[in-house]
Amino acid sequence: MTFASFLADYGASLGAFALFALLHSVGAQEPFKDALARIAGRFFVDHFWRILYCALSFWALYYAVAALHWARNLENDVWLVAYPDWLWQSITALHLGSIALVYVAFIQSDYLEFLGLKQAGRGIMALMGRRAGTTALSLFGTHRLVTGGVYGLVRHPMMAAGFWFLLTSGPSLNNLIYTGMYTVYMVIGGYYEEKRMIRVFGEEYLRYRRRVGAFFPRLRPRPAG
Numbered sequence: 001m002t003f004a005s006f007l008a009d010y011g012a013s014l015g016a017f018a019l020f021a022l023l024h025s026v027g028a029q030e031p032f033k034d035a036l037a038r039i040a041g042r043f044f045v046d047h048f049w050r051i052l053y054c055a056l057s058f059w060a061l062y063y064a065v066a067a068l069h070w071a072r073n074l075e076n077d078v079w080l081v082a083y084p085d086w087l088w089q090s091i092t093a094l095h096l097g098s099i100a101l102v103y104v105a106f107i108q109s110d111y112l113e114f115l116g117l118k119q120a121g122r123g124i125m126a127l128m129g130r131r132a133g134t135t136a137l138s139l140f141g142t143h144r145l146v147t148g149g150v151y152g153l154v155r156h157p158m159m160a161a162g163f164w165f166l167l168t169s170g171p172s173l174n175n176l177i178y179t180g181m182y183t184v185y186m187v188i189g190g191y192y193e194e195k196r197m198i199r200v201f202g203e204e205y206l207r208y209r210r211r212v213g214a215f216f217p218r219l220r221p222r223p224a225g
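Numbering-wise, the sequence shown is residues 1 to 225 according to the numbering used here.
Simulated from the structure, these hints should not be mistaken for laboratory data. Even glycine gets a Cβ: it sits at the ideal position worked out from N, Cα and C. Please note: incorrect hints may appear among the correct ones.
Said to hold, decoys possible - Computed beta-carbon distance windows for the label pairs: (1) Leu56 <-> Gln89: 33 to 41 Å; (2) Tyr103 <-> Leu56: 35 to 43 Å; (3) Met125 <-> Pro84: 33 to 41 Å; (4) Gly121 <-> Ile198: 24 to 32 Å; (5) Ala55 <-> Trp86: 36 to 44 Å; (6) Ala55 <-> Gly170: 23 to 31 Å; (7) Glu30 <-> Pro84: 30 to 38 Å; (8) His143 <-> Leu206: 13 to 21 Å.
Could you put together the complete structure from these sequences and hints?
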């Protein structure tokens, strides 16, 4: 495959994934949400932006990007390597483990809050004139730092699970290229998420970062300095 043919096959999906990664990262940052609040109102951002953000992210990744990447390159879904049985069984175990990891992280981070359903429910009740509790939600990753469970193994378990899921999928050209795209986003997105967490939690997060690896378990904590 020449570089020209590579761009012809995957240029559109590369561009779409890069645009998704940019918007997905920017949309989770406080400066963007503050700017949106000045336009749409703080009430909308606090109660309905998260659920809209998740819905748009899901549509962009699993429909727009996927259609450009897989639907346009069906001939590249053929496996490039035939695994021996013992290796295939090991890879399948890792693949299932990645699904279990993302599930546990999803549950631990409170999936109703993660998807924005809890915030939207409070917003709807407020619009109906009903009180949804006397205290504000202590949002995960914004008002509280969770360091136990799977977050005691890696700081970004959902990203890590996505990486292992893709890496242990079938070794087709489509999967390999998509894994490369995801890996670049994971590293860059993780870097900016780290900056955000340090800004929000300060020294507490720095201590946590010294103890726990970003995407892989750390065998030894970093020195305090």
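- Query: For this structure, which hints from the list above don't hold up?
  - Reply: Violated: hints 2, 3 and 7.
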